[in-house]
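> So the chains spell out like this:
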Amino acid sequence: MTADATPALVEERKPAAGPRARRRSAYPRYLAGKVAGAAVSLLAVLVTSFFLFRLIPGDPVKTMTGGRQVSAEQLAAYREEFGLDLPLWRQFTDYCGKALTGDFGTSYQFRAPVVDKITEALPNTLLLTGTAFVLYTALGIFLGTRSAWRRGGLGDRINTGLALTLYSIPSFWLGLLLIIVLSVGIGPLPGMFPTGGMESGGKEGFAYVLDVAHHLVLPVVTLVAVEYGQTLLVTRSALLDEMGSDYLTTARAKGLRDDLVRRRHAVPNALLPTVTLIFINLGRTVAGVILVETVFSWPGLGGLFYQALSVPDLPLVQGLFFVFAAAVIVMNTLADLVYPLLDPRVAR
Amino acid sequence: MGTKDQTRSLPRGLRLVAVAGAAALTLTAGLATPLDPAPRQARAADDGKKVLTVAVAQSVDSLSPFLAVRLLSTSIHRLMYEYLTNYDPKDNHAIPGLATKWEPSPDKLTWTYTIRSNSKWSDGKQATAEDAAWTFNKMMTDSGAATANGSYVGNFKKVTAPSPTKLVIELKKPQATMTALDVPIVPKHVWEKVSDFSEFNNDKSFPVVGNGPFVLTGYKADSYVRLKANKSFWRGSPKFDELVFRYYKDQDAAVSALRKGEVSFVAGSPSLTPAQAASLEGAENIKVNDAPGRRFYALATNPGAKAKNGEKFGDGHPSLLDQRVRNALFKAVDRKAIIDKVFQGHAVEGEGYIPPRFSQYFWKPSGSQKLTYDPAEAARMLDQAGYEKNGDGKRVGKDGKPISYRVLCHATDPNDKAVGKYLQEWWGKLGIGVQLNCLDNVTDPWLAGKYDLAFDGWSVNPDPDFVLSIHTCGALPATPKDTGATDNFICDKKYDELYAQQLAEYDPAKRADIVKQMESRLYDLGYMNVMAYPNAVEAYRTDQIKSITTMPAKAGNIYGQDGYWSWWSAVPAQSSGSSDTASSTGVVLGIVGGVVVLAGLGVFAAMRRRSTAEDRE
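For the protein sequence lines, the chains are A and B, in the order given.
Be aware that the first sequence starts at 7, since it is given in our numbering, and climbs by one per residue.
Be aware that the second sequence starts at 263, since it is given in our numbering, and climbs by one per residue.
Chain A on its own, in the form it takes in the complex (with noise of 0.2 Å):
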């Protein structure tokens, strides 16, 4: 029995260890493959956002003073207190060191912790580009999948045409003229939306909510309609290579109804490209958007970028820059982890 029970137990195994075990196995691997790239991707900005803004010319701390009276102690107080009159390497060391408990050190014009400044913008952006985002990639993928499954036809002409054109414009002059039409009212058209801001201020609770939500439409649908297309595009696109497939086919002469083939069939197999697309855009979401910040005076991280770059205001440029890139980087890790739930041969 012992004897006769080895190759029957053999033989039952053979099976597990086929392709479905070897997809098993091969996952942690191709997981942990992809989280230990991230990790060194993050490493290496750490690196390059200390030393790449430090290649911008010039004394941050004479910048930062110029035009005033600053006696030579007061400068080298300044440097002592922000750590530059250390040794590069030392800087170089306490900046990672510092980084990686989540201090990115005091911004030099603000007199404030990076940290803080970032805390403080980084819900604005993310209310702003977060709501943007849900909606135009909702939008995209359905226009997108509509237009490819009637391809050639008017709504396609039609969708396409209007996504391009919208794809085209610059996002501020777009901004600009719905603030024109929309906020301050042209002809007959009242002015419905304020003309900038997050808030009226001075308001709470439920009133809050809808003060910010009121401030939020003509942002929003600024950014909707300028990056709609591109997921529209993308999806149009893959969805066009996957309709000639013999198992779409197959799916119709089963006599499935066309909707059917489109949404269960067609569509998921369709979605790779979309899902990259969605994550680099979910990663881009953190970084914010200053020409539309800029113009809807949207208090968020792409603003601040903007100004901690006209000092340059090192830590605040480098905290920035960190949380950017590291936005980036999970994101396009987390849509390396997701693409083998979508198809199993990714991973192999």
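No lab work stands behind these hints, which were simulated from the structure alone.
There's no promise every hint is true.
[Claimed, not checked] When the alpha-carbon atoms are kept at most 35 Å apart in a straight line, the in silico DSBU-like pairs for lysine-lysine are as follows: (1) B/K570 <-> B/K743; (2) B/K772 <-> B/K626; (3) A/K209 <-> B/K312; (4) A/K104 <-> B/K455; (5) B/K482 <-> A/K209; (6) B/K466 <-> A/K209; (7) A/K209 <-> B/K501; (8) A/K209 <-> B/K311; (9) B/K549 <-> B/K808; (10) B/K778 <-> B/K743; (11) B/K632 <-> B/K691; (12) A/K209 <-> B/K808; (13) B/K778 <-> B/K363; (14) B/K420 <-> B/K382; (15) B/K466 <-> A/K104; (16) B/K370 <-> B/K435; (17) B/K490 <-> B/K428; (18) B/K482 <-> A/K104; (19) B/K756 <-> B/K420; (20) B/K603 <-> B/K656; (21) A/K209 <-> B/K455; (22) B/K632 <-> A/K209.
[Stated by the list, open to error] To give a feel for the contact side, a few chain A residues facing chain B, derived at Cβ under 7 Å: (23) E126; (24) L182; (25) T300; (26) S303.
Please read these numbers as outputs of a predicted model, since none were measured by experiment.
Heads up, the beta-carbon is just placed ideally off N, CA and C, and yes, glycines get one too.
We have chain A; now place chain B onto it with these hints.
Only chain B this time, still in chain A's reference frame:
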């Protein structure tokens, strides 16, 4: 199939959620409109308070008066705290602030101020000389507290408060600027609890205790700064109940906000563009205030950067060390064309160093001294100086190479770029090349002395000491590695002698005379060529602000005054109906929009349900 439909319903559900989200957003906006018609907000808050809203673009660097250096922040401090003295809005002369009178000792080294007894902090405590003495002493002993205003106490030897109404400041040497100490006096009983002045930003706990015309009640970075009227302010309460600075990072958006009535006032940074001013000129209920400005706009020449220790640095073109060359260059600048074409009339032709609105110190060159526009004469002067044209029509330097000057310009200032183009044309005709270096950050090459010429400009205070001091040898950096207070590395012995004289002269008329001599010397040296005095172009809604004090009163600016006159004096206008009509139409449209979106949502849901039913069949 039906079962499959149910399991496959998630993506559709998600789409529905997304579309519903969009609809909700639009609907919320529509609902928000009737609840918060913005034009009404600018004039009167929901509780009927009169609110004055000012559009601003500059971020607050700090709300601590010990740290803040930016114009917006220091203007807010003017509203929050009293200074020892103030400036008369009519003619800028020193008038009582926290101090009711002041007197120097015969040896000019001790100043005694009488502190008023009718100024209270907003928490009810009396403001006394002890608060002022503590403020100055803190700045003298704590480097963190000296960050913003340390230069004001650099010559102080000792500050004491012998009684609640008596403040005594002893100086190391005479100083004529003792009635122009622009230092906010803070309440000792609040600020003595601060442990680190270099990090305390005064922006977490509201209301902030002060004794100015307004009390700071709220602040959100790059969103708003909110102040309420101080009803017990000794000079009288402001007429508006609240003053709100709201952020408009884009100037065109700020102008739109003014048109709509969301803000009562817009100034631009520093001025509205000629196009913006022109577009607002004929607008209903809007007044454009095109006033003589407090700035000068100049072309600065690198005089050969050097430090106090005599060490030279930078790489300024050697030909510019010749006064004849500098003067010739200025004679080839058509200042009238700059006023007409670049500033489109919103500026006055530049002459002396201090703008004409400061009449006490304004100086202009005599007929023979004036460097009038004369390109032919400029060419002759260059020939005489030994910089003649070569065969290619280019003037060559002593090294035999064609002269081409690097002109440092601010990338964010369209005026710099436009004037730069004219310089290329005018100086090109003289045979001199111009290379425009337009940068976001001009400070670094400037401080390193790595430029030939640079566009320069300063706002001048009623007391001109600061803008005069930045051209003294004492303002040079100690070594090339340090930063000085110098603007342009100018160091001239005669100018320095005059500067020392005016600083020690307590007679205003005599001091003004010396200041004019300094301006004359600066003009002749040719290192600073003032091309224009740009106007302060700003606009406000007459249906929100009935009247407001300009400074100078006759024809002056509103934003960034030396004092709190504009916002303290502003009188609210009676509400007009036009904006209400607009907002009520907006309400109707908002509701209609909401209903349409709701209907659309209903149709969408119905269609989805129908298709699902078909699938089941």
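> None of the hints should be skipped; say for each whether it holds.
Structure-based check of each hint:
This hinted pair checks out: B/K570 and B/K743 have alpha carbons roughly 11 Å apart, not beyond 35 Å. Pair hint B/K772 plus B/K626 holds up; C-alpha atoms about 17 Å apart against a cutoff of 35 Å. Annotation: proposed proximity of A/K209 to B/K312 holds, straight-line Cα distance about 16 Å (limit 35 Å). Between A/K104 and B/K455 the CA atoms are separated by roughly 29 Å; this keeps the pair inside 35 Å, and the hint holds.
A hinted pair counts as satisfied when its Cα atoms are at most 35 Å apart, and B/K482 with A/K209 qualifies at roughly 13 Å. The straight-line distance between the Cα atoms of B/K466 and A/K209 is roughly 18 Å, inside the 35 Å bound, and the hint therefore holds. With a C-alpha separation of about 23 Å, the suggested pairing of A/K209 with B/K501 holds against the 35 Å cut-off. Only pairs whose Cα atoms come within 35 Å are accepted, and A/K209 paired with B/K311 is accepted, the gap being roughly 14 Å.
Between B/K549 and B/K808 the alpha-carbon distance is near 11 Å, which keeps this suggested pair within the 35 Å criterion. Taking the CA atoms of B/K778 and B/K743, the gap is near 33 Å; set against the 35 Å cutoff, the hint holds. A hinted pair counts as satisfied when its Cα atoms are at most 35 Å apart, and B/K632 with B/K691 qualifies at roughly 22 Å. Under the criterion of a C-alpha separation no larger than 35 Å, the hint pairing A/K209 with B/K808 is consistent with the structure, at around 27 Å.
Among the hinted pairs, B/K778 with B/K363 is consistent with the structure: their alpha-carbon atoms are about 28 Å apart, no more than 35 Å. Among the hinted pairs, B/K420 with B/K382 is consistent with the structure: their alpha-carbon atoms are about 25 Å apart, no more than 35 Å. Note on B/K466 and A/K104: the hinted pairing holds, with a Cα-Cα distance of about 25 Å set against a maximum of 35 Å. Between the alpha carbons of B/K370 and B/K435 the distance comes to roughly 8 Å, so the proposed pair stays at or under 35 Å and holds.
A C-alpha spacing of about 30 Å is found between B/K490 and B/K428, which places the hinted pair at or below 35 Å, so the restraint holds. Between B/K482 and A/K104 the alpha-carbon distance is near 28 Å, which keeps this suggested pair within the 35 Å criterion. Restraint check: the Cα-Cα separation between B/K756 and B/K420 comes to about 31 Å, which is no more than 35 Å; the hinted pair holds. A C-alpha spacing of about 27 Å is found between B/K603 and B/K656, which places the hinted pair at or below 35 Å, so the restraint holds.
In summary, the hint linking A/K209 to B/K455 is supported, as the alpha carbons are separated by about 31 Å, within the 35 Å threshold. Using a Cα cut-off of 35 Å, the hinted pair B/K632 and A/K209 is violated, with the two alpha carbons roughly 59 Å apart. Of the supplied interface hints, the one on A/E126 holds, with its beta-carbon coming within about 6 Å of a beta-carbon of chain B, less than 7 Å. Interface hint at A/L182: satisfied, since its Cβ lies 6 Å from the closest Cβ of chain B, which is below the 7 Å cut-off.
For the restraint placing A/T300 at the interface with chain B, the shortest Cβ-Cβ distance is roughly 5 Å, inside the 7 Å limit, so the hint holds. Here the hint on A/S303 is kept, as its CB sits about 5 Å from the closest CB of chain B, short of 7 Å.
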